[in-house]
Structure formats: C-alpha cells, structure tokens
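Participant: From first to last, the protein sequence lines stand for chains A and B. The first sequence maps to residues 1 to 299 in full-length UniProt numbering. The second sequence maps to residues 1 to 337 in full-length UniProt numbering.
Treat the hints with caution; some may be incorrect.
[To be verified] Short derived list, chain A residues pointing at chain B, Cβ under 8 Å:
#1 Pro-72
#2 Ser-73
#3 Ser-197
[To be verified] A partial selection of chain B residues facing chain A, derived with a Cβ cut-off under 8 Å:
#4 Leu-79
#5 Leu-81
#6 Thr-85
#7 Ala-107
#8 Met-112
#9 Tyr-114
#10 Asp-116
#11 Gly-119
#12 Leu-121
#13 Asp-122
#14 Arg-124
#15 Pro-134
#16 His-137
#17 Val-141
[What the hints assert, rightly or not] In silico negatives: residues of chain A with every beta carbon more than 12 Å from chain B:
#18 Gly-157
#19 Ala-192
#20 Asp-285
The set of hints was computed from the structure by calculation and includes no laboratory data. C-beta atoms are modelled at their ideal positions from N, C-alpha and C, and glycine is treated no differently.
Now for the letters of each chain:
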Amino acid sequence: MTVQITKGVADVPIAATPSPAGKSRRSVFIRRPFFTASLLIAAAYVLAAIFAPYVAPFDPVKQDFNVMMKAPSVVHWLGTDSYGQDILSRVIFGARYALIIGIFSVMIGAVGGLIIGLAAGLSGGWAEWGLMRLIDAILALPSLILAVAFIAILGQGVDKVVIAVGLSMIGPFARTVRSDVMQVRVQLFIEAAQLMSISYLRVVLRHVLPNVIFPLAVQVTIRVSEAILVSSSLSFLGIGVTPPTPDWGLMIAEGRDFVSFAPWMSAMPGFALALLLIALSIVGDGVREEFDPKLRRDS
Amino acid sequence: MIAQTLSETKAPASEQPIFELIEVEQVFEVPKPGRSLFSRETVGLRALDGVRLTVRKGTSLAVVGESGSGKSTLLRVLLGLDRPTGGRALYHSKPILEGRASGIAFARDVAMVYQDARGSLDPRMTIGALIAEPLRHFDIVPRQDEAARVAQLLDRVGLPADAADRYPSGLSGGQVRRVAIARALASEPSVLVADEAVSGLDVSTQAQLLILLQSLQRDMGLTLIFITHDLGVASFLCEEIAIMYLGRIVETGPTDAVLGAPSHPYSAALRAAAPQFFEPLSEPLPGEIPSPLNLPAGCRFSTRCPKAQDDCRLKDPQLGKLGPQRAVACLHPLQPQ
Ligand SMILES: Nc1ncnc2c1ncn2[C@@H]1O[C@H](COP(=O)(O)OP(=O)(O)O)[C@@H](O)[C@H]1O
Ligand code: SF4
Ligand SMILES: [Mg+2]
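Bound-form chain A, shown alone (with noise of 0.2 Å):
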C-alpha cells in the first residue's frame, strides 16, 4: 500500500525529458557549426593522410629540374619548390608525416603521463613529492626547447622526432592526471565505494580511472596540435626530420630562402599547418564540451 502512495506522487517523471546522450548525438553537429566544419577538415586531413599515394597527383621526392619554383598552375596546383617538386603533392604526403608524428608522440606522452601522474596522485608522501619535483623540473622548459634536448640526444629522423616530442609532453600530462587524481581520490562517491569494502585497486580500477582517463583523452585531442607544432618546429629548425622527406616545417624552411620571389613554397604547407592546427583545437574544444558529463545539463 504504502509503496503506492510513494509511486503515486514521485517527484518529476524521468521519462519526460528526452536523454540527454540521444539528444547531443542527434543535434550536436547542427548546434556547433564550426565543430562540424573542423571535424570535416580534420576528417580530410586524415583521408589525405592515408590515401596520400592516390590522391597526390605527383611523387612527391620526385625532382624536376625543369620546372623549378613554378608558380601555382593547372598542372602543379600549388606550384613547385626549388627542386621541381610538387608542392600539393609534398603537402598531402606532409599530412601523413604530421598526424603519425602527432598522434604517436601524444600517445607516448599520454601513457607516461598517466603512469607518472597515477603514481603520483596515489603515492603521496615522498614518493609523491620526488615525482613532483622531477615534473616541476621538466616543467620548468617549453616542450620545444625539451623536445630539441631529447633530438640531441636520440639523432634525427621521423621515429627520433616521435621520442622526443613524445618524452617532451609526459610533463604537462603528468601534471593534469595527478590534478585530476588529486581531485577525485578525495570524492564522497571513493569513500562510498570503500564504505562497501571494495578493494583499493578495483575502486582505482572502477572510479578513480575512468574519471582521469576522460579529461586526459579530452587533453589528447587538444595537445595533437602542440605535438605537431612541435615537430614542424623541429623540422624547421633543421634538426627534425631529414629532407627530403615531405615535412611541413622542413618544407616551410627550405622556401624561407626564396620568399620574395616564390613565396608559395613556404605559404602552402604553412597554411596547411595552420589549417590543421585550427581545426584541431576546435573539435578537441567541441568534444571537451559536449562529452563530458560534468559540463553536461540536461534541461
């Protein structure tokens, strides 16, 4: 009986409002525009990433001496470098190097930094604060003059740059992680979960993972940029990866020479660069806001 009374006047029927997973799955791309016009450029990049050997009309470490530094034309779109190459064809090959660079590296960043930043976030104590200080320390240098240190150390070439950009992030990501470690370890819902005599591994396992893992793939998304930055920086600096590979930077480097005269050798895989760049951010932005139940309201 008396359970039908609390039926009867339970407070606001759930069912009423739509839920709210279906409902951004459906409106998501209509509600963000310029997300779903950098998700589609992104999209394209990889497509050309993969694909690069069919869509790119030339080889791109084909050289052709008669047609040096050409202006764009209907044969060489986005006209040829210095040494007869295909630009647009060097810049769809270059979207390769790019995103394997960026997404490997960040992988290795987001793996150690989780390592580093759980044990961290966990230990406490001395181990915690000898952790930190070693962060602090790595911290304390811009990623890129880290990422150059680790290339003197490694050698060039693309699998060197990986390492170095890779080891060059472990900081940053180590230091979101424990944050967020630090954050949910002293959550009501943990002591909960150990009110019901979980073990400490499974509620590690159960509750304090997936709350880090989330914020760190959201940080994943967003940093593939600051890595690929990084490495066309490298590359730029002639110490990345080795010519004539068709690298961004090192492309954006080898026409700094003949800038007033042919600019389109730096412009293009600039712009290609920045283009990237852009979108990157702002689906790595769309997906943080849109996916994360903590920003998430109903209603």
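Put chain B with the ligands on the given structure of chain A with help from the hints.
Facilitator: The following block gives chain B with the ligands in isolation, referenced to the frame of chain A:
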C-alpha cells in the same frame, strides 16, 4: 513484491543489540589555537566523550543534535571508518573494526545513505551501473538477473525503470536521494544508516522520502539509524531518539516519550525551540555552545542550563537509566508534569 524478496522475516526486537557503544571517545589532535607558525603543538578536540548507545535490531533511531555535536563522528565510528580513541564500539558483540576488516559481510549488512547523495554517486556511471555495482560486489543476483533487479530496486524507491540509463547529473535532488537509497538497499542490508538524508529538499520532496523510508523500514524490517537536526523528522520516522550535546548522548528513549516530556534540560530547550515540527532548528538557546577543545567543568551543559545548580559544575553526569526505557545524563532531571 520486492519487499518480500529482500527481507526474509520481520524480526522482532531482540535483546541482542546490533550496535553497542560503551564509553566511546573520539579525540582529534588539532593544531593548538594561536600556535606559532613552526610550532607543532596540538590539543585534543573531544568530538565524542563517553558515548553510550545501544541499537536494537529492527528499531529506528534518530540521532539529534546541533551542528558540531558529534553526530557525523558517531556515524563514522558506527560504520567502522574511524577507530575511536577510547571505549568500545561493538557490532553483534564484536569490535566494529574487526567486523569491517574480516570480509565484506559487515559492509553488506550495514548500508549508508549520505547527506550529499549526489557526491556519493560516481558521475561517470549510469544509475543502472551504480545500482548494479553493489549487486555484483556482494554477489546478490546472477548476472542475467541483474537488470531485472535494478529495475525492481528503482521501482521500490519510486523511480521508473528507464532511469537506469541516465546519469546522476540528469536527475533532481529528490531523485538522486532515491537512487542513493536504492543503491543502499541493493546489498540487502539489515541496517540502514542515513546522515541528514532528507535535509536541503523542499517540503513535499522531504515528505515523499520520509514516507518511502518509513515503508522500507517497516516492510523490510530494517534497522534505521537516522541523523537529523529536525525533531519533526525524528518523531515521524523513528521510534527512538538519542539527543547529543557536545559529544555526548544526553538523553535517549522512545521518541514520543522524550519529546512529550523531556528529562534533560537540553532536550526540553530543543523541544521548546521547535514548536512547529518540520522546520529546521533555529538557534535553540541563548548563549554560545562551548568549544569541544575546552569543555566546561562538571556538566557540559551547565554553562547554558536554566536548571543548573552548584553541584552541576563539579560532577560530569553520565547517561544513566531513568525508568525502563529511558536514560538521561543530568544530575537534576526534569520531572514529568
Ligand atoms: N577529522 C576531524 N579532525 C578534527 N576535528 C574533527 C574531525 N571531524 C570532526 N571534527 C570536529 O568534531 C566535532 C564534531 O563534528 P561532527 O561529528 O561533524 O558534528 P555534527 O555532524 O554533529 O555536525 C566538531 O567540532 C568538528 O570540528
Ligand atoms: S546536570 Fe545540571 S547543568 Fe547539567 S543538564 Fe542537568 S541540571 Fe543542567
Ligand atoms: Mg554532520
């Protein structure tokens, strides 16, 4: 009905208490007020001081007291989260901490509803997953029956089955408390402990939750320990009441008897300050509550007690029997008119 599946029998109040607190003391070492920057001096804060309490099976007990009187500290001792610095805290005649340390049976039997129900739910889990967690952890039902049991529990607390797919952020304050109650019931506990489980809600939501808790307690034979600062909530929901003042339980007994004719001057003052039930306690008495860092000599209430006499500043009265069902910690208890 789920009520039957969740509880085998409505056990009569037995003599063997579930919880027994004997002279329990909880002293926190806190920085000495006004100590210098580099000093490590501490002083003892007596959050619990000589607490005597017996919780019988199947009863419903309200713990009432002003903010800072030690209610939450008492709760943490009962739940085995903190080790008391003195006295004995027993669960079925064994130390509570021993009970908690020896497997998951204690955690299964004693469930908790937090005051901050929203904070007690992992925001990244759906309601369904949150309720399934204790089902799985305590191995209550086989996996294939899990969804059905979640729906059953949601129904029992007056929520529709489709609430299972939502996140806590999508629910109202009242709904979130219902989820917290459903989660607590999932382990089929015999004791439900609730800290201010209905405070901070509007009156009608409060009333719905109180009716729900009352029906749960009756149908499932739950032992209910309910912390509140609202005498109306206490008298509606709980057979028994324990009134706390500055870390000690100063009066216990059947709620109606205690509120109808208080024996302790503090209980009388509380009662007089709440002529209208279901209103939060206003400042009940003139005068400051003394600091638990520096308890008054003699009776802890003597600084504010209208009935205080000379001996009240010399002797510290412990909770002592007053008739068959009641107990009071006062040298000069009030006589029923
Ligand atoms: N962990 C702690 N450390 C130091 N002092 C505490 C701690 N927990 C509670 N106290 C103190 O103990 C007293 C009782 O607190 P509490 O049990 O929270 O009271 P209530 O729940 O009745 O408001 C307060 O003076 C509070 O400041
Ligand atoms: S012992 Fe004395 S001071 Fe304390 S409550 Fe009783 S009458 Fe008041
Ligand atoms: Mg409290």
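Participant: All hints, please: hold or fail.
Facilitator: Hints versus structure:
| no. | hint | result |
| --- | --- | --- |
| 1 | Pro-72 | 50 Å, violated |
| 2 | Ser-73 | 55 Å, violated |
| 3 | Ser-197 | 4 Å, holds |
| 4 | Leu-79 | 6 Å, holds |
| 5 | Leu-81 | 7 Å, holds |
| 6 | Thr-85 | 21 Å, violated |
| 7 | Ala-107 | 4 Å, holds |
| 8 | Met-112 | 6 Å, holds |
| 9 | Tyr-114 | 6 Å, holds |
| 10 | Asp-116 | 6 Å, holds |
| 11 | Gly-119 | 4 Å, holds |
| 12 | Leu-121 | 6 Å, holds |
| 13 | Asp-122 | 5 Å, holds |
| 14 | Arg-124 | 5 Å, holds |
| 15 | Pro-134 | 6 Å, holds |
| 16 | His-137 | 6 Å, holds |
| 17 | Val-141 | 16 Å, violated |
| 18 | Gly-157 | 40 Å, holds |
| 19 | Ala-192 | 4 Å, violated |
| 20 | Asp-285 | 20 Å, holds |
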